[in-house]
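Order-wise, the sequence lines are chains G and S.
Here my numbering is used: position 453 in the first sequence is 453, and no number is missing along the way.
Here my numbering is used: position 282 in the second sequence is 282, and no number is missing along the way.
Any given hint could turn out to be false.
[What the hints assert, rightly or not] Below 30 Å or equal to it, Euclidean Cα-Cα: the simulated DSBU-like pairs (lysine-lysine) are:
#1 G/434 with G/162
#2 S/375 with G/359
#3 G/434 with S/169
#4 G/151 with G/359
#5 G/151 with G/162
#6 G/434 with G/359
Read the hints as simulated data drawn from the structure, not as lab findings.
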Amino acid sequence: MPPGFSPADFYNILPEIVLTSGALLVLVTDVVMSHASRPLLGRVTLAVLGATILVLLPFHDADALASQGLLAIDGFAFFFKLLFLLAAVITVLMSASYLDVEGLRAGAYYFLILCATLGMMFMASGIDLITIFVGLETMAVAFYVLVGFLKPNRRSNEAAVKYFLLGTFSLGILLFGMSMLYGLSGTTNLRELATTLATEERGPLLIMALVLVVAGIGFKIAAVPFHMWAPDVYEGAPTPITAFLSVGSKAAAVAVLLRIFVEGLPFLADVWQPLFWVLAVLTMTVGNVAALTQSNVKRMLAYSSIAHAGYVLIGVVAGTTRGVTAILVYMVVYAFMQLGAFAVIVMLRRTDVVGDELKDLSGLYFRHPAAACAMLFFMLSLGGIPPTAGFMGKFWLFGAAIESGYVWLAVIGVVNSAISLYYYVRVIVFMWFKEEALGSPIVVSPAMAVALTVSLAGAVVLGLYPGPLFELAELSAQSLGGVAGRVGALPF
Amino acid sequence: MSNAAEFPLLSLVLFTPLAGAVLLLFVDRTREDTIRWIANLSAGAGFLVSLPLWFWWDTDGTQWQFVERVPWIPSIGAEYFLGVDGFSALLVLLATMMGSIAILSSWTAITERVKEYYIFLLVLQTGMIGAFVSLDFLLFFLFWEVMLVPMYFLIGIWGSDRRLYSAIKFFLYTLVGSVVMLLGILAVYFEHHSLTGTYSFDVTRFHELNLPVEVQWWVFLAFFLGFAIKVPMFPFHTWLPDAHTDAPTAGSVILAAVLLKMGTYGFIRFSLPILPEATRQFVPMMIWLSIIGIVYGALVAMAQRDWKRLIAYSSVSHMAMVTLGLFALTPVGITGSIVQQLNHGISTGALFLLVGLVYERRHTREISEYGGLSKVMPVYAAIFLIMTMSSIGLPALNGFIGEILILQGVFVVNKMWAAVAASGIVLGAAYMLWLYQRTMFGPVDNPKNEQLADLSMREVATFVPLIILAVWIGLYPSPILRRLESSVTYVISRVNPAYAPQNANADVTAGGALAEGQ
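Bound conformation, chain G alone (with noise of 0.2 Å):
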């Protein structure tokens, strides 16, 4: 045993150390069996995931540190393993026919949606910067690669050369406000840093490392102005991987922003929280005025999502455990929702057609009635209409922001969100009133009928009872601790 770890820390990493084992047995399994037995290596995949989910569960309840500090094993960790893992099962599940009919090798595909995830689970119970860092690497490195997987195609190519280098200058600048904050409190743990920067004077320097992080992470999240890279590189990727980058990249790098936000740097809420509110406003309205008037679903999908992080920014604000709870919920949500509308887009995807324009929608309810059933109600959750999931999450999004106060980014949000419904609704224009379009039949294999019928039974559940989430996100939220409210009453 090296000095300074126990057996603790390896039962604690353990959901971590199954992954990249299963990993790395994806990728040997590539190797080792013949060409024509590929579509083992999905099979494979899952059962890793699954794996990893049966080791996660036992932490659901978990309180400790790990590492020498640098992993946080609790709550809020457990909350956001749990849900990358839900997504990459969700996004294998749709991945198996779109890269048959792409022509793609599976191995290193599978093996890198692996190392994305754990990259996001390195993230969530990151409670260093250095931790964090390590684990936004690999899991942005893990993207740069699959964001570009489609190599005849130069739009993938295009997507994956924008992604890295704007990719890597983010991180750049994420990293220099790190080694700021560094410098300015001698210790990289977020919580030793919360109780020495506390007490210490505000200098500029510690405003510009604050504000060099918001936008490191803000490229990350995609909010607005750091969100330009979105629309290209979600539009060239394959989608699979869009629907994952879109659902798990933003839910790690929101559990980062958390962690450093709400967890280490609470004690400066009253400087990130204007900063937060200007960025909410800015990210929601700009992503849904964009997205009405795309014709590629993909890139309406795109700007759709950098919608979305501003009104999980709304729960930033409030930065109340309220406003984490709510953050949470949304998380959950929005995976199932979008990575449903995205597997939509995929089983559309067939020899003959690209399947992302909105005109290829035409007519689905004809050809498919249970698919465009199904985009209905993705479509109504994204934008917030009961009795789906998005209303819930949204709901107590704006519910949070009321609390704290912040009423008029509360009635920014909701206005949007009702703006937000025409292009939704223009989907469901096109699948249900519009002639049907050419092209081959629509064959859903039943890899693909179970991520579907997951996603739809996420996003319709937990509209009608989404009591059990509540309470497990207001767990994972305390936690977290908060940001106290701003006032008792409302500012009326």
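Dock chain S against the given chain G, drawing on the hints supplied.
Below, chain S alone, put in the same frame as chain G:
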């Protein structure tokens, strides 16, 4: 029968239509007649199971009856909490009845995508009933929004002319109102917590709350936007003529008869008792918007060349009458306002059905295309006459009772308001009678009208209950007025205590006696 013991009647009423919709999912789409039968039977069953709300109602019982209460989202205090008072019980009955009639009326009118059509109608039905029976604010909001999507599809798929435009206009317009209302709900929720220390969406608890006046003021505006768009009050009415005109007949009927009541129901159930001080402050604004609505709606109706659009604008005018009576804040005014809501549901619902019948035969709604129909379709003309009279408030029919109570309630507060409102009634008589004259009387100029078939048995059947109700409410409204007493007293004691409780009873009885005297 008090409170029907432990039997979950409201849940049964609520989910019967939904069960029908789920059943329809499993029926093959080509078996259209089977689908029609199932839809009609489940709507009919929905109406039958709602009848105990009338027969088992205990006039001397508690304020809220048929109560059901189960935790729904315990961590935030939301409950599955259903219950009705006299007012909402009547609205539920109106909804189940008009829903069945609307579904029956679609038998021959809808020939495309029949299955989806009935599924949407039945889901809509559940949404409407849910909004009326929910005593949990979050649950109410859920049902309130659930109504939007089926209605959107009904207009968008089975509508006419500019249906997509009208559908999205309806959808976004009402959505903006309701999301702002949601913020109001959240504000009350958190205020309730800071005043009492419990998290709850229980509306009856909110009714006992004394919110700070500034909070009430803002929340009133938030609720106002949601409800006023739904009513719709001037100047938020512009979605209504489009939606009504382009909706299929059943859609228009439900829109007019039930959906518009959501707004006025919201005012009575939420705005008035939860925000009494703010309500009193806003009375002048609400009254003037109502008066403008009455006169403006009537004048615009007079200028219409489209039969359905004319009825749509008459709806604006009539609903403004309802809000006028409501915001007089007197017991008689509110009673009249509620009665008039039921009347409007009956008579305007019937008028839309009537337009739908000729539209189905001729595929045009231009008034100038018709003329002399009373010669070709005598039964039709007779029913149309009754409903016209009911709509303009002829004594012995239902419209009169509502209008006289409203005017009486307004008169004691301000004579000027009553005078202007009365002029709206005159205008109403003018455009309706003129419509009747242009379509029913005169020579049969248009050769296309010569061969029009009169009403079939099924078509007549859709009107029978409406005519019975129109005459019954017109001649003997006291069973209805009695059921409203406790609801009105409850609201008045919160919003205008000067009238409550002893005055309230006296006045309502006076109003009832007056009505019975006709």
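How the hints compare with the structure:
1. Straight-line distance between C-alpha atoms of residue 434 of chain G and residue 162 of chain G comes to about 35 Å, which puts the hinted pair past the 30 Å bound.
2. Annotation: proposed proximity of residue 375 of chain S to residue 359 of chain G is violated, straight-line Cα distance about 51 Å (limit 30 Å).
3. Restraint check for residue 434 of chain G and residue 169 of chain S: the C-alpha separation of about 19 Å stays at or below 30 Å, so the hint holds.
4. This hinted pair checks out: residue 151 of chain G and residue 359 of chain G have alpha carbons roughly 26 Å apart, not beyond 30 Å.
5. A threshold of 30 Å between alpha carbons decides the hint, and for residue 151 of chain G with residue 162 of chain G the separation of about 15 Å falls inside it, so the pair holds.
6. Restraint check for residue 434 of chain G and residue 359 of chain G: the C-alpha separation of about 9 Å stays at or below 30 Å, so the hint holds.
The structure does not agree with the numbered hints 1 and 2 stated previously, though it agrees with the rest.
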